[in-house]
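Chemist: Model the full structure from these sequences, guided by the hints.
There are 2 protein chains.
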Amino acid sequence: MNKAKREGVIFVVSAPSGAGKTTLCRELIDRFADLRQSVSFTTRQARAGEVDGVDYHFVDKADFHRMVNAGQLAEWAEVHGNCYGTSLATLEQAAEQGVDLLLDIDFQGATQLKKNYRHGVFVFILPPNFAELERRLRGRDTDTDEVISKRLKNAEREISEAGWYDYLVVNDDFQTALGELSAIVTAERCRSQRNGAILTELKIKGED
Amino acid sequence: MNKAKREGVIFVVSAPSGAGKTTLCRELIDRFADLRQSVSFTTRQARAGEVDGVDYHFVDKADFHRMVNAGQLAEWAEVHGNCYGTSLATLEQAAEQGVDLLLDIDFQGATQLKKNYRHGVFVFILPPNFAELERRLRGRDTDTDEVISKRLKNAEREISEAGWYDYLVVNDDFQTALGELSAIVTAERCRSQRNGAILTELKIKGED
Chain A
1381 MNKAKREGVI FVVSAPSGAG KTTLCRELID RFADLRQSVS FTTRQARAGE VDGVDYHFVD
1441 KADFHRMVNA GQLAEWAEVH GNCYGTSLAT LEQAAEQGVD LLLDIDFQGA TQLKKNYRHG
1501 VFVFILPPNF AELERRLRGR DTDTDEVISK RLKNAEREIS EAGWYDYLVV NDDFQTALGE
1561 LSAIVTAERC RSQRNGAILT ELKIKGED
Chain B
1381 MNKAKREGVI FVVSAPSGAG KTTLCRELID RFADLRQSVS FTTRQARAGE VDGVDYHFVD
1441 KADFHRMVNA GQLAEWAEVH GNCYGTSLAT LEQAAEQGVD LLLDIDFQGA TQLKKNYRHG
1501 VFVFILPPNF AELERRLRGR DTDTDEVISK RLKNAEREIS EAGWYDYLVV NDDFQTALGE
1561 LSAIVTAERC RSQRNGAILT ELKIKGED
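Protein sequence lines correspond, in order, to chains A and B. Heads up: the first sequence begins at 1381 in this note's numbering, then just goes up one per residue. Heads up: the second sequence begins at 1381 in this note's numbering, then just goes up one per residue.
It should be emphasised that the hints constitute simulated quantities derived from the structure, not laboratory data. Possibly wrong hints are sitting among the right ones.
Because identical chains cannot be distinguished in the list, a pair is counted as satisfied if it fits within a single copy or across any two copies.
Said to hold, decoys possible - Distance condition first, Cα-Cα at most 25 Å in a straight line; then the derived DMTMM-like pairs of lysine to aspartate or glutamate: (1) 1530 to 1414; (2) 1441 to 1512; (3) 1441 to 1486; (4) 1530 to 1472; (5) 1533 to 1387; (6) 1583 to 1536; (7) 1583 to 1512; (8) 1583 to 1486; (9) 1530 to 1458; (10) 1494 to 1546; (11) 1495 to 1546.
Modeler: Right, dumping it as structure tokens:
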């Protein structure tokens, strides 16, 4: 499927906190040389070593809110006083240029994105069960009991609403989950709606 | 994805003659222990070693036409005086029981099936180009020039109409094509529409 020009695929991966999304996404990017992490816009200050346009597009608050008001963001959120968002133009250009993008965003962001950019492929990562999710959250050793309890409540709510995602991947065995996530990437690239050019090209050659 | 009960997936694979469908399907069945080849109904005589209910469901012409008239076949065709067909009940039962089926059928059969059983996952295998398709057909050394020319014409027509399939897989490098076909099987098993039970089960456990 890599010869003819095809539409790029926007993969949106979200999960309850502790389900293992970040590690899965990192490994997925490692596995697919031609899958790129989407670059978000943010109002927070660049940290040492961060490069504008690579790690984030760094913008000031006025510019960010101008983008919000102009409807240029597919999703955005404010976290600890800083704003983060994904530009619709980034997604549309990638799709048009045949570039596959990976967006690692939370449930709220994915829900917004689904409304503003229907063409994405939405994957929800699930923990095998709540006991294991709690065990993983406690294993991190970074959160208080109160925070863990809040994360579990959020997880419960998100899971009960996750039916609208295109795919569900249970992260029980990590390699199995990574295999399923990889299969979703490969399969979606073969979708005929993105590969009309292959048929047209073959047809033209057939008529020669 | 293999613990919770989910709906079975009906995979329908077709291709122009010479594109390599039969070999790909055989390897796919070898690779997935839990993917079964669908058993067709036929009016032809059982050959030595063929087992009723395993290789085919052997029925007489009267019974076959009774099934046709009762709308019990999802697709059927007459080839060299014998009738072959797939029962709708076979597909519906497999889906309900969580059994994944592979149907290796031609373009005409897939087109009929699409009308009668919309829930299938339809994959079309493509040759990399027509010169290669012709080379493969000639390499078989079984067909006359006339037959090869007819097969190429059919291929051209089928390819020009294949846009309705869910997936397109180009069989240029065999292992790549097999990898893509396998990815489609794995990914479709993760579709949330077939896995509602996972969410319900997790939700119930979460509320304990």
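Chemist: All hints, please: hold or fail.
Modeler: Hints, verified against the model:
1. 1530 to 1414: For residue 1530 and residue 1414, the Cα distance exceeds 25 Å both inside one copy (37 Å) and across copies (40 Å).
2. 1441 to 1512: Cα proximity of residue 1441 and residue 1512: none, with 40 Å in one copy and 57 Å across.
3. 1441 to 1486: within (22 Å within a copy, 59 Å between copies)
4. 1530 to 1472: Intra 35 Å, inter 43 Å, cutoff 25 Å: neither.
5. 1533 to 1387: Answer is neither: 38 Å inside a copy and 29 Å across each miss the 25 Å cutoff.
6. 1583 to 1536: Classified as between: cross-chain Cα gap 7 Å, same-chain 50 Å, threshold 25 Å.
7. 1583 to 1512: between (52 Å within a copy, 14 Å between copies)
8. 1583 to 1486: between (43 Å within a copy, 19 Å between copies)
9. 1530 to 1458: within (18 Å within a copy, 63 Å between copies)
10. 1494 to 1546: both (11 Å within a copy, 21 Å between copies)
11. 1495 to 1546: both (14 Å within a copy, 24 Å between copies)
Hint check: violations occur at hints 1, 2, 4, 5; the rest are consistent with the structure.
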